[in-house]
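Fit chain B with the ligand to the known structure of chain V by using the hints.
This is what each chain is made of:
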Amino acid sequence: MIHTPICDLLGIQYPIFQGAMAWISDAKLAAAVSNAGGLGVIAAGGAPADLVADQIKRAKDLTDKPFGVNVMLMSPNAGEVAKVVAELKPAVVTTGAGNASAFAKMWIDAGIDWIPVVPSIAVAVKSVRNGARAVIAEGGESGGHVGELTTMCLVPQICDAVNVPVLAAGGIGDGRGIAAAFMLGAVGVQAGTRFLVARECGVHQNYKNKIIKTKEIDSVVTGKRLGHPVRSLKTPFARKFLQYEYDSSITNEQLEELGAGSLRVAAVEGDNENGSFMAGQIAGLVKKEQSALEIITEMFAEAEKILHRAEQWVK
Amino acid sequence: MLDKLIGVLRDYKGDENFVITPDTTFEELNLDSLDIMDLVMQVEDAFHCGEINIDKNVKKVSDLLRLIIDAQ
Ligand SMILES: Cc1cc2nc3c(=O)[nH]c(=O)nc-3n(C[C@H](O)[C@H](O)[C@H](O)COP(=O)(O)O)c2cc1C
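Residue numbers (my numbering), protein chains in the order written: chain V, 1 to 315; chain B, 316 to 387.
Pulled out of the complex, with its shape left as it was, chain B reads as follows:
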């Protein structure tokens, strides 16, 4: 699942070689709040999961992964 998420994120950044680990933060991914909403929708579609609600506690890729698991 992590690999799939990293794939979605790399796709979103348009950079296949972007180094992404569970500890990568949204800040490091250089995403603003509009990007994050947009990304979340793509993640929901990619994982066919329920709604993911990003809040202030979601800072890293691993946090997002946890939300995806909860939403599945």
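Next comes chain V alone, as it looks inside the complex:
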């Protein structure tokens, strides 16, 4: 059995978070992951506060286990969503890019564990000073918005810099990834891409099929020019975006416009031409649709085996 401080901190069986995925990870997926023993996370994305409130209430109906909500700080609704979260008190709130310090105190006062995703030591240290109970060190292998560093290099350096539990994210898709993350000093992991194909995940079937077919070289980072790079699959949309990005006759405003709403087009409509199919580099090893429970138990059974086996190399 694998049991780490993050299990005790949050009262979960397996030290794994299902990473928030805007437009995708709703109450149903989050509850399924939590019922399976991990921590499911509802993505607020750009949604209005009342919709997020409905999702939190729904998740509470679907599970009595702890779950989390991810507040997207760059959303124009962030302030309202942050308040609703403080009122409805999910066990955990995670945050991504942006400054959460305006809300952190409100959440902590409400008894919610705030666990930010951090791309650098400075952000991690600052967050811990502001009361973060743990941090998620996310490398640029991941799907969605990405940072500069790789998981391999970021995780150990964050572990050295803070005295709270560290979860590793970015490129973790099976038990080997979990074992590796533990070797780097993490005591838990967050996975997004692997959960895209969970049976309980409501993303469009075209999206799932694409993930299952994907090879290791099929993802690309776009949006560097705009200062918020995103990793997605090399679809016609991503190729077009990349081409525009290197075209100086296209303005940043035009680029922003092209990108706006493109994840929804992929996730909800399954539009192969115009959608942005965000996914991580690890998509290449995701081969089948499984239930959240199967995903989690399989990953941890493998991790356990590998961690035992690793000892053979120590003479």
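Since the hints were made in silico from the structure, they are not lab data.
Virtual Cβ for every residue (Gly too), placed ideally from N, Cα, C.
Computed list of lysine to aspartate or glutamate pairs in EDC-like fashion (alpha-carbon distance at most 20 Å, straight line): (1) V:K105 to B:D370; (2) V:K224 to B:D350; (3) V:K224 to B:E342; (4) V:K105 to V:E87; (5) V:K287 to V:D174; (6) V:K305 to V:D174; (7) V:K105 to B:E366; (8) V:K89 to V:D61; (9) B:K371 to V:E256; (10) V:K287 to V:E302; (11) V:K224 to B:E343; (12) B:K371 to V:E253; (13) V:K208 to V:E269; (14) B:K328 to V:E148; (15) V:K224 to B:D347; (16) V:K28 to V:E294; (17) V:K288 to V:E216.
Calculated Cβ distances over 10 Å to all of chain V for the following chain B residues: (18) M316; (19) L317; (20) G322; (21) E331; (22) V334; (23) T336; (24) P337; (25) F341; (26) E343; (27) N345; (28) H363; (29) C364; (30) N372; (31) R381; (32) L382.
With beta-carbon atoms standing in for the labels, derived distance ranges: (33) V:G202 to B:R381: 46 to 54 Å; (34) V:I212 to B:N345: 39 to 47 Å; (35) B:T340 to V:I212: 44 to 52 Å; (36) V:G79 to B:Q387: 24 to 32 Å; (37) V:I217 to B:G365: 41 to 49 Å; (38) V:E148 to B:K328: 16 to 24 Å; (39) B:G365 to V:K287: 47 to 55 Å; (40) B:K328 to V:K57: 49 to 57 Å.
Below, chain B with the ligand alone, put in the same frame as chain V:
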């Protein structure tokens, strides 16, 4: 205080002769958002001040200086 801040910034850039005035922008300093978070932490430590929250309105060295004064 300005001199001290300029010192921290020069130190951060690793260039003692970098010309920095109150009107120098972060863009001119060639710092990305991760650099700025990192720099802010060093500034907080150097000035022993409270938390500095950088937002979109902070564009120049003088803006940062104002935040430091507020945080002290
Ligand atoms: C389609 C998609 C959407 C995502 N949306 C969000 C989001 O809204 N907020 C967030 O903090 N992270 C978001 N992420 C990042 C995940 O929560 C997670 O950290 C990441 O997927 C981990 O890396 P992996 O994809 O290699 O497993 C998203 C990732 C994907 C693939």
